[in-house]
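Participant: Given next are the chains, with one letter for each unit.
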Amino acid sequence: MDRRLEDIFASKLMLLATIFSSLILFIMAFALFQRSNPILRTRSLSELFLTSSWRPMMGEFGFHPFIIGTLSVTCLSMILAIPICLLSTIYLAEYAPSKVRGTIKPLIDLLAGIPSVIYGLWGVLLVIPLIRYYIAPFVGATTTGYSVLAGGIVLAIMVFPIIISVSEEVFTTVPFEVREASFALGATKWQTVKHVVMRQALPGFIAATILGFSRAFGETMAVLMVIGNVAKAPSSLFDPAYSLPALIANNYGEMMSIPLYDSALLFAALILLLLMAFFSILARIVLLRIERRSV
Amino acid sequence: MNKRKLEEAFFKGLMLLSTSIVVGSLLAVFAVVILNGAPALSLSMLTQTPKGGYYLGKEGGILNAIIGSVYLAIGATALAFLLSLPIALYLNEYARKSRFASLTRLSLDVLWGIPSIVYGAFAFIIMLYLGARASLLWGIITVSLFVFPIMTRAIDEVMKMSPFKLREASYALGSTRLETALKVVTRQALPGMLTAVLLAFGRGIGDAASVLLTAGYTDSVPHSLFDPVATLPLAVFFQLGTPIPEVQQRAYASGVILLVLVLLLSIASRLSTRKFMKYVIK
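Protein chains in written order, with the numbering used here: chain P, 15 to 309; chain C, 1096 to 1377.
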């Protein structure tokens, strides 16, 4: 009897922990919403999102430059990362001998484990001089190097591991018989990949890309270190910009001393939370469908 | 050679190129950081705390940040494990394939995708509400909040893998679900759990954005949970931000220390997984 009671008691405790973990997302959203309420009450959403003057001292909080800044680095990183990730996933899943795959996959895991500050440092040491002295002069532009382009390159490399490892798993769920059927019809390996495997794996690859996108969107330190942090919407790849997470990281120190400033910054955190939650749910729903199919 | 074969060869070339870019970027990160940082690396970097005028290029090291990061990561990993293990056990041994279990998994996945700066901002609000100051304790709480979803999902995945027959055997001997969970499933999942813990530890030691708001920064080694604490990623970041070349050199060196630490963790995780594999019933 004792042991039964123990079991019941332990299960209730574990249930408590589990419920807490499901609720923490809502607690976070609620707390951030509470703190962003003052600014939401005095300004309309369109004013916050569409005006571009950011002067906390004057009470002007226009998020437009930060939203454009974040979107442009993130989209650029996706444009760079998607073809590279798709091609290397196809190589790893379909072509590579198992020995090669066995060597490359741990390396990709290692890439995922490198702290973002290191990526930022790498950007400062390599990417920025490269842009400043080689790429920009080559196309006739002048820049300090701290730019949207630098942010895009660093972010692209940071999202490689997540996109590749998720989509590689998706490729392996495509049943082998499908490939055999295509081979039997005389298709080459590439034709099979292009017409048969890709068609089945595409939703999964899109989900992997969404996960990569949200990772890039929320990345703070690496972007902060290479993007230049100028609160003006960039008009070219070589312009500096400012991202939403960087805005929070750079200004949390003084936010309590200016009215509504804290509210504005925590509103930025709320936007990040809601956007990331939306993207994750979207990607997970697609991936869950694929998982069900493969079982 | 016909067109089909040509197309195949062309795309195969592109694939090899892409894969080399991916692997090459990893090597480039290591090479650039180590080549720039190694010359500035010295024993005093590892064994001394910053002396007066350190940030102007004078004597000292970043022992404060190394120890701070280790304290923070150990504390956060331990705290996260206390939360993760019960959740993973509950999901696998009690909730099973219920709707509640899949919703919990979904919410953990969503939490996994929330940027660490948002956790920092959230913890900052709680600190304001309680009137707490930035300290090691709050750093630990923030980082553990941010790593526990990763750890839980990783443990959950290995527990899912352990065969159901083992559990049946244990039930047949009259053990309760709790006994089965703790004595059979946990042991079976041990190698995977260790990997999960080390993964979370690596995340904790490498994250800067969340502790920026909650752990503060100080030049001394913390003596209690309520002292502010320096961390390695922030040491890299702050030293890089100074205009003095010597200090920037030290930022590179600090980067090397951080990178080596992460690399060692990754190797340790691989080796220990292999070592503990022998206790697993296949």
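Just so you know, the hints here were simulated from the structure itself, not pulled from any lab data.
Remember, it's a predicted structure, so these values are computed and weren't measured experimentally.
Ideal placement from N, C-alpha and C gives every residue a C-beta, glycine not left out.
Please note: incorrect hints may appear among the correct ones.
Here are some chain C residues pointing at chain P (derived, C-beta under 8 Å) [stated by the list, open to error]: (1) 1110; (2) 1113; (3) 1114; (4) 1116; (5) 1123; (6) 1124; (7) 1151; (8) 1155; (9) 1210; (10) 1273; (11) 1301; (12) 1340; (13) 1344; (14) 1350; (15) 1371.
Which chain C residues stay away from chain P? Per the calculated CB distances, all over 10 Å, these [stated by the list, open to error]: (16) 1150; (17) 1213; (18) 1244; (19) 1303; (20) 1320.
Listed next, the in silico SDA-like pairs over lysine to any residue satisfying Cα-Cα at most 20 Å (straight line) [stated by the list, open to error]: (21) 1192(C) to 31(P); (22) 26(P) to 1191(C); (23) 1255(C) to 31(P); (24) 1100(C) to 26(P); (25) 203(P) to 1192(C); (26) 1107(C) to 212(P); (27) 1107(C) to 112(P).
Participant: Does each hint hold? Answer for all of them.
Facilitator: Hint-by-hint comparison with the structure:
1. 1110: Cβ of residue 1110(C) sits 4 Å from chain P, so the hint holds.
2. 1113: holds (4 Å)
3. 1114: holds (4 Å)
4. 1116: With Cβ-Cβ at 6 Å, under 8 Å, it holds.
5. 1123: holds (7 Å)
6. 1124: Constraint on residue 1124(C) satisfied, holds at 5 Å.
7. 1151: Status violated, d = 21 Å.
8. 1155: With Cβ-Cβ at 20 Å, over 8 Å, it is violated.
9. 1210: holds (3 Å)
10. 1273: Constraint on residue 1273(C) satisfied, holds at 4 Å.
11. 1301: holds (3 Å)
12. 1340: violated (13 Å)
13. 1344: violated (11 Å)
14. 1350: holds (5 Å)
15. 1371: violated (18 Å)
16. 1150: Holds: least Cβ distance 17 Å, greater than 10 Å.
17. 1213: violated (5 Å)
18. 1244: violated (7 Å)
19. 1303: violated (5 Å)
20. 1320: At roughly 22 Å from the nearest Cβ of chain P, residue 1320(C) sits farther out than 10 Å, so the non-interface label holds.
21. 1192(C) to 31(P): Holds: residue 1192(C) and residue 31(P) sit about 18 Å apart, inside 20 Å.
22. 26(P) to 1191(C): Between residue 26(P) and residue 1191(C) the Cα gap is close to 15 Å, so the pair holds against 20 Å.
23. 1255(C) to 31(P): holds (19 Å)
24. 1100(C) to 26(P): violated (62 Å)
25. 203(P) to 1192(C): Roughly 38 Å separates the two Cα atoms, so the pair is violated.
26. 1107(C) to 212(P): holds (15 Å)
27. 1107(C) to 112(P): Answer holds: residue 1107(C) to residue 112(P) is near 17 Å, not above 20 Å.
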